[in-house]
Every structure is written in structure tokens, then in C-alpha cells.
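Participant: Next come the chains, spelled out residue by residue.
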Amino acid sequence: MNVTYTVFRFDPSKDKESRYEAYQVPVREGMTVLDGLLYILDNVDPTLSFRFACREGVCGSCAMFINGSYRLACQTQIKDLKSDRIKIEPLPNFQVIKDLVVDLAVFFEKLEKAMPYLVAAGALPEKERLQSMEQRKQINEVIDCILCAACQSACPQAWTNKDFLGPAVLTKAYRFVGDSRDGAQRERLKLVAGEDGVWRCHSVFNCVEACPKKINQTVAISRLKRKAFVQKLKFWQRDGATNGRKVG
Amino acid sequence: MVIHDVIIVGGGLSGLRAAIAAHDGGLDVGVVSQVYPVRSHSGAAQGGINAALGNAEGGEDDNPERHAYDTVKGSDFLADQDAVEVMTGMAPGIIFEMEHWGVPFSRTKSDKIAQRPFGGGAFPRTCFAADKTGRFLLHTMFEQMLKRHIKVYPEWLMMSLVVNDGVCCGLVGYHIPTGEFESFQGKAIVLGTGGYGQVYARSTNTLINSGSGMAHAYHAGAPLKDMEFVQFHPTSLIGSNILVTEGARGEGGYLINKLGERFMKKYAPKVVELAPRDMVSRAIQTEINEGRGFDDSYVLLDLRHLGKEKILERLPEIREHSIHFVGVDPIVAPIPIQPGQHYSMGGIDTDFDGQTPVPGLFAAGECACVSVHGANRLGGNSLLETIVFGKRSGEKTVQYVKGREWKPVPEGVFQYALDIVRARVAALFQGTGQQEPAAIRAEMKETMFFKVGIFRERKLMDEALKRIAELQERYRHLRAIKGGKIFNLDLCRAYELRYMLDLAEAIAAGAIARQESRGSHSRLDFNKRDDHNWGKHTLAYPTPEGPRLSYRPVTFTKWQPEERKY
Ligand SMILES: Cc1cc2nc3c(=O)[nH]c(=O)nc-3n(C[C@H](O)[C@H](O)[C@H](O)COP(=O)(O)OP(=O)(O)OC[C@H]3O[C@@H](n4cnc5c(N)ncnc54)[C@H](O)[C@@H]3O)c2cc1C
Ligand code: SF4
Ligand code: FES
Numbered sequence: 001m002n003v004t005y006t007v008f009r010f011d012p013s014k015d016k017e018s019r020y021e022a023y024q025v026p027v028r029e030g031m032t033v034l035d036g037l038l039y040i041l042d043n044v045d046p047t048l049s050f051r052f053a054c055r056e057g058v059c060g061s062c063a064m065f066i067n068g069s070y071r072l073a074c075q076t077q078i079k080d081l082k083s084d085r086i087k088i089e090p091l092p093n094f095q096v097i098k099d100l101v102v103d104l105a106v107f108f109e110k111l112e113k114a115m116p117y118l119v120a121a122g123a124l125p126e127k128e129r130l131q132s133m134e135q136r137k138q139i140n141e142v143i144d145c146i147l148c149a150a151c152q153s154a155c156p157q158a159w160t161n162k163d164f165l166g167p168a169v170l171t172k173a174y175r176f177v178g179d180s181r182d183g184a185q186r187e188r189l190k191l192v193a194g195e196d197g198v199w200r201c202h203s204v205f206n207c208v209e210a211c212p213k214k215i216n217q218t219v220a221i222s223r224l225k226r227k228a229f230v231q232k233l234k235f236w237q238r239d240g241a242t243n244g245r246k247v248g
Numbered sequence: 001m002v003i004h005d006v007i008i009v010g011g012g013l014s015g016l017r018a019a020i021a022a023h024d025g026g027l028d029v030g031v032v033s034q035v036y037p038v039r040s041h042s043g044a045a046q047g048g049i050n051a052a053l054g055n056a057e058g059g060e061d062d063n064p065e066r067h068a069y070d071t072v073k074g075s076d077f078l079a080d081q082d083a084v085e086v087m088t089g090m091a092p093g094i095i096f097e098m099e100h101w102g103v104p105f106s107r108t109k110s111d112k113i114a115q116r117p118f119g120g121g122a123f124p125r126t127c128f129a130a131d132k133t134g135r136f137l138l139h140t141m142f143e144q145m146l147k148r149h150i151k152v153y154p155e156w157l158m159m160s161l162v163v164n165d166g167v168c169c170g171l172v173g174y175h176i177p178t179g180e181f182e183s184f185q186g187k188a189i190v191l192g193t194g195g196y197g198q199v200y201a202r203s204t205n206t207l208i209n210s211g212s213g214m215a216h217a218y219h220a221g222a223p224l225k226d227m228e229f230v231q232f233h234p235t236s237l238i239g240s241n242i243l244v245t246e247g248a249r250g251e252g253g254y255l256i257n258k259l260g261e262r263f264m265k266k267y268a269p270k271v272v273e274l275a276p277r278d279m280v281s282r283a284i285q286t287e288i289n290e291g292r293g294f295d296d297s298y299v300l301l302d303l304r305h306l307g308k309e310k311i312l313e314r315l316p317e318i319r320e321h322s323i324h325f326v327g328v329d330p331i332v333a334p335i336p337i338q339p340g341q342h343y344s345m346g347g348i349d350t351d352f353d354g355q356t357p358v359p360g361l362f363a364a365g366e367c368a369c370v371s372v373h374g375a376n377r378l379g380g381n382s383l384l385e386t387i388v389f390g391k392r393s394g395e396k397t398v399q400y401v402k403g404r405e406w407k408p409v410p411e412g413v414f415q416y417a418l419d420i421v422r423a424r425v426a427a428l429f430q431g432t433g434q435q436e437p438a439a440i441r442a443e444m445k446e447t448m449f450f451k452v453g454i455f456r457e458r459k460l461m462d463e464a465l466k467r468i469a470e471l472q473e474r475y476r477h478l479r480a481i482k483g484g485k486i487f488n489l490d491l492c493r494a495y496e497l498r499y500m501l502d503l504a505e506a507i508a509a510g511a512i513a514r515q516e517s518r519g520s521h522s523r524l525d526f527n528k529r530d531d532h533n534w535g536k537h538t539l540a541y542p543t544p545e546g547p548r549l550s551y552r553p554v555t556f557t558k559w560q561p562e563e564r565k566y
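Going down the list, the sequences are from chains A and B.
Numbers 1 to 248, taken from this note's numbering, label the letters of the first sequence in order.
Numbers 1 to 566, taken from this note's numbering, label the letters of the second sequence in order.
In case anyone wonders, no lab produced these hints; they're calculated from the structure.
Every value quoted in this text rests on a predicted model; they were computed, and no experiment measured them.
Take these hints with a grain of salt, some might be off.
Unchecked claim - As a list, the in silico SDA-like pairs of lysine to any residue whose alpha-carbon atoms are at most 20 Å apart: (1) Lys14(A) - Arg404(B); (2) Lys113(A) - Gly484(B); (3) Lys308(B) - Lys14(A); (4) Lys82(A) - Tyr23(A).
Stated by the list, open to error - A partial selection of chain A residues facing chain B, derived with a Cβ cut-off under 7 Å: (5) Phe52; (6) Glu56; (7) Pro116; (8) Leu233.
For glycine and all other residues, C-beta sits at the position ideal for the given N, C-alpha and C.
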């Protein structure tokens, strides 16, 4: 059986406009969309550009827009698309470097703004800190993020607000805020609770739909919102700014 | 020209750990990597990382010395025992540091780091975070790098090392997104470029694992050590050869042949499925060869008796991989598996501070051979090796850089290196031949898997070496590389191919010369270990006629060779 790949092509060094190119790809049992792209590269058109590494859905290289959905090319079985036509486009809303390769520099820069590392709470023991499986469950889902940037690409808030941190970056922030071992909640919440942080999120859920790791970023973001809110209240209470009214 | 005190090549665990150590020692560090660090192969590691913590039930009596003994025995007595003791001694501290940095390890009932049994280990010693241990270690290491604001050069491919007066002082990089060349100058260069899995067909490795870093070191004057030792992992999914972690057997999985037998009982009566990898791979291949496999190509890994809950908690990604890639849910059906190329025991010759014989050039992780794995690596020891020796090499660069007077390297040295690389790339664009790089790559991979594979014999290996020479010749007649300057995969893949062929040649030459069976090197024509003649390391040096081999004794401390029974 053959399927037709229709692939977005654009080489800014010579093309004025992008175009789509069609390729015939013979399909064998178990073949993924990435296998098909590699087939094209090796046998049909060596000028095609795309990113790949692990071919097993763990490295985050190959997020693309496939038949109108966000997917990892390597984790998508051709037969699951239930179509003999496969349209492949780069992640929308990022600048295209070439063909299916987009510029992720902005994404990685934003990541750095969320204090994306654990800060020890208090002195460290000689051995490991204790953490129960129950506590770890709080972050079980969010630690799965592979930084593929699909959700950043899917988020309408990120299209219109260039400075919005975006769902993946906020999910990363929650990965630490939700970790029982972290001691920098206040600082990190301050960083992500600003105008370009959690409050920009209007729970459109595009990110949830886009995520190949089935992470619910909006849950992570709403937990951040709640924590940020509580923190604000505490701040007000402490400063006596509530004028004796009871809050919380 | 980009200048840093230290240039690290590789964004995997070994490279990043070296970068952090050099940075923390006060040096200015730059990390060059062909992919964004988090895309590195280290992130694909599943099962876990070894350290004698004694956290698991039944593991209370574990200690670094016992870990060292298991490693030495697993290595079939080819590992250098002083290096092994360094590694296992540092292991607990390394794990605690990673925990302090934030790795979300799975936990025991008493909230400590959880540990599971792995093949060849006397105690449950493999610390894990579900079946995503490598990913969490790599992301955490990446976070620590971000915290330190270490400069990264992502999507830069090292195309050559630069050596001046016998001292390594930099490299030539190629920026994949723009097609620009740049020289990188450093007082010390650390390679953490990983394994060469893609030299073989049926590899469990990431598709970018060409091993080219090893070959660059080889051409820069550092010998390749013990290249004939190639690990085949017993359990990879048929078709894609995506790995099913040893943790699946560690949690209690069975291997079953066509007759429904748990055949490992025959091969390793005491530990059954938890024998070391070389033994289990040979056992599976023997079952297949003798007609007790399915379709002459696979056997089954049965996890059903572990129950849904355990599979979901401990092996969630194995389950997803099985569903995605072979359409089997291990909760309800056994997984079809076959052995696949998995790990490079051999690599760039280093001491246990990462120093190669070329001053200024360091290496750590899978690209290096210290040697702590000898003829066969135990599962869970590789992630450990990346961090231990990444750290040690980074620290050593601090001493090396600060302990010397530095004279500037003449500009011309870098210009010359750049010119050579540019000329090579230009030659690839102007190729006038007919040869397809993809065809050469595919033939190399098949040749290596089927002729220098799990079972070896002189005749097949001679054929392989001859075939590799032919492929090298065909490489000289490539068709012109197509495409432009931007993100040119055709160019990158063709450029790397030349180095992969060098590695294939060194592997085959070392394997032909070694007339014994030891660990992963299993010869049908010399089926016994021969300590008297072959208890030594192979060193390969490049010559125009192919690799020249010489040998070096193994370092023994506490343990004399004994028969390996499990
Ligand atoms: C599927 C799988 C599962 C595994 N599971 C385990 C496990 O559970 N436990 C265990 O102990 N071990 C495991 N291993 C082994 C272990 O993962 C690897 O040995 C280890 O991660 C290697 O790390 P590294 O830092 O040396 O190299 P890598 O992580 O491979 O990193 C290499 C880096 O070098 C860069 N690079 C390479 N060449 C160049 C070049 N020419 N120019 C620029 N950059 C370059 C790459 O971009 C990459 O960033 C597993 C291996 C596989 C294949
Ligand atoms: S949250 Fe999901 S979609 Fe977003 S970057 Fe992470 S893995 Fe990708
Ligand atoms: S290639 Fe790694 S996620 Fe697809």
C-alpha cells in the first residue's frame, strides 16, 4: 500500500514562498510517520529537512502538525491516521528555519524565565531527602514533559502575546512548585504570576489537546494560579492590608 | 572564532556533567551539541542507575565493594578494577547529588530512593524513576546547566578536532541551521559524544548515535580501546528495535519460547532471566537459531503475571511503547522481542580522570573506554559511568587548565583546520560518482549486525572487513550531495558516514584479532575465554592501511579471573 505525503517546503535562502510537495511512500506494517519521512530522505528527496533523534517519543524533536493535529511524527502510526493522504506541516506560530524545522530559540529562552530548577528547602541531608510516593504523585504527570513545544505552538494566547510564557514553561514551573522538596515557591510564583504568566491563560485547552504526553497543562496552570492567589492573600494578611477583614 | 577555557562536545549526561564540574571549578565553559541537549540519547535510558544504597528490601547488605565485584565479574574480568572501584565508590554520592538537584526518583515504602534488581547484580541496586530514569536525569542535569547559565551551542556538529603540536586545542563546528563553519578554541576539550549504535542494524539507539566523536578522537591521535566489545540487549521490540528495559525482567518478567518454556532456566539456573545481557542475548539467539523462536526472529517477554497495577506504576512507558510500536498491551499479552545492538563497551582510551593520551583531549561517557565495563556492561552501570566520569573529567580540566602557562595558539592552526573541513564539504557537494550514501549506510549496518554480531566466526568477520573496505572505496565515489546551506541532512549524514565506516573497521579488526570468547565477544571458533593470551585491552590506531592493533594489560586489584556462572 502507498500513502501520499504532502509536505510543507520552504527554504528561506532561495524560496520566496512556501509550497507543498507530494511524495509516494510505501507503507509496511508498524511504520510511523517519521519512518515515512526518513524513507523520503533516503530514497526520494535528500533535500528535505526535519528533526528527529530517539524515534520513540521521548526526546521531543519531532513535534509537527500532521493532518491538522499536533503529533510526534515518531509516535504516530501511519495506519492510525486512517487516511492514504498525510499532510505534514511545521509547528505553527514558530518561525520556519527550513521545511519542517522551526526555530525553538524563543521557547528555550522563555523556559529560563521560570527558574526551571529545583531549589533546596533548607540544608541538605547527607543522603537523599525523603519523599513519599503520595507526594511524588503531585508531579507525576508534569515531569513527563519532553519540551516538544507542541503546546506552545497551539496556544492562542501565545500567538497574540509574544511575552506570554506559555503552557510548557508554566508546566515546568509547576513541576517545581508542586514538588515537596522545593524551597523557592515564593520566588518562582512571583515570576510566573505576572501579567505574562498564569493570568494570561484563559483555559482554552488547546495545549491539552496538543500534548503528545497527555499532560493537562491547564490543571498545572490552575494550581499555580491558586497557589499564587493564596500567596498574595498571605502577603496581604501579613501586612495587615486586609483591614481586619477575614480572608481565605 | 569562539573561545572558552573548556569546550565540551555533547549535551548528554556525560557532557553536561563535565560542563557543570568545569564551571563550578571556575572555568568558562561552552557546550557544543549536534542537538538541543534534552534531545540527547541519555534521555532514552529507561531502567535505572546503579549505586549500593541498600534501600530495597533484601538489599541492606549491599556495599560499593560488592557492586565493584559484580561489575568486574559482569565484565568477564576485562574491566580495570581500580577504575571500577572508583566508580562504585562514588556511586552513592552521585545519586544523592542527583536527588538533591531534583531527580524525581521512585520511592520505597519508607520514602527513600527505590531500587530494583538488574541482571548480574547480587542485590537490588538499580535506582529508578519509573521506566524514564534517563529522561529525568537528563532534564535535571539540563536544569542545573540552565541555573549556571552555561553557554550552549545547539545544533552545531563537530566536524573535526584541532591539534597543535600534539596538543588538542579546539574543533571545527558546522552550524546545521545556517550551514556556517566556525572554529572553537579551548584549553581543554571534553568529548561526551556517546555511542555508535547506528553503525549497526537493529540498534536500540537514538538515530543520531553515529559515534563520530570517537572517530574524530581516533584521527586526532587517541587510540580506540576494546572496540570489539559490542553489547546486544536481549529485549528490543521486533521491527523498530525500540528497547524494553531490563527493568521489565527486574520486576519479574519471563522470557518464553515457542514451546512455552521459560528457557532461561536452562542457561542460568540460579538467576534465570536476570543473567547478564551477553548471556541472555545469546540464549535468545540460540533459541531462535534452533527453531524454538517465532517466525525465526523473536521470542516473548511475558509481564502479565506482574499485574496491571505494577505495570502501570513501574513500567508505564514500556507499556506505551508496546502499544504504539507493536500493537501489544503487555497487561493482556506477551511482548515480541529480539536482541538488538545496544551499547559500545569500547571507545576512546581514557584513564579514570577522562584523560586521553592526547594532551588537552578528554572523554567521558559512552564514547570513552576507561574501562569499567570490560567485555560486558551491566545494566544500570552506564548512566552511572556518564555522571561519575563526566564529573571527574570536568574536574580534571580545571586542574589541567589552571596548572599551566598558556601561550596563544597561532591563528593559522585554526584557519588550516577550517580550510580542510570546508574543502571536504565542498568535495561532497561536487561529488561526481554514482554511489548513494544511504545505500552504503544500510549495507554497513546489515554487515555489522549479521557478521560481527552476537555470535562471531572468522569467516564471516573476514567477509565483513572486506565489505567495509569496499564500502569505504564506494564512499569515495558518492553522488553529489544535494540541497543548500540550511539544515542539510544529506550533507550531515554523508559527512558522518565516513567516520562510521572507520568505527566499523576498528570493531571488525579488533574482533578478528581476539581469538577467544569473552563477555559480548562470542566466537564459535574460539569458544573459551583465554586469560593467558587475551586478558588484555585492545588499542587501535589509524593507519592508511586500516587500524593497527596493540595491547595493554588489565589492571587487577582484588579479584582474580574465575569462571562466570550465574
Ligand atoms: C534505549 C536505551 C536505554 C538505556 N537504558 C539505560 C539504563 O536504564 N541504565 C543505564 O545505565 N544505561 C542505559 N543505557 C545506556 C545509556 O543511556 C547511555 O550509554 C548513556 O546515556 C550515554 O550518555 P552520553 O552522555 O555518553 O552520550 P549521549 O547521551 O548519547 O550524548 C551524546 C551527545 O553528543 C552529541 N554529539 C555526538 N556527536 C557529535 C558531534 N560530532 N558533534 C556535536 N555533537 C555531537 C549529541 O548531540 C549528544 O548531545 C540505555 C541505552 C539505550 C540505547
Ligand atoms: S507539555 Fe506536552 S506539548 Fe507541551 S512541551 Fe511538554 S510534552 Fe510537549
Ligand atoms: S524523534 Fe524523539 S520524540 Fe520523535
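Participant: It remains to establish, for every hint, whether it holds in the given structure.
Facilitator: Now for the hints, and whether the structure bears them out:
1. Pair hint Lys14(A) plus Arg404(B) does not hold up; C-alpha atoms about 49 Å apart against a cutoff of 20 Å.
2. For the proposed pair Lys113(A) and Gly484(B), the alpha carbon gap of about 35 Å is over 20 Å, so the pair is violated.
3. For a cut-off of 20 Å, the pair hint linking Lys308(B) to Lys14(A) is broken: about 55 Å separates their Cα positions.
4. Proposed proximity of Lys82(A) and Tyr23(A) is supported: the alpha carbons are some 18 Å apart, at most 20 Å.
5. For Phe52(A), the suggested interface contact is upheld, since its CB lies about 6 Å from the closest CB of chain B, less than 7 Å.
6. The beta carbon of Glu56(A) is positioned within 7 Å of a beta carbon in chain B (closest approach about 5 Å), and the interface hint is therefore held.
7. Satisfaction of the interface hint for Pro116(A) is found here, the shortest Cβ-Cβ separation to chain B being roughly 5 Å, below the 7 Å cut-off.
8. Look at Leu233(A): its Cβ only gets to about 28 Å from chain B, farther than 7 Å, so that hint breaks.
Comparing the model with each numbered hint stated earlier shows that hints 1, 2, 3 and 8 do not hold.
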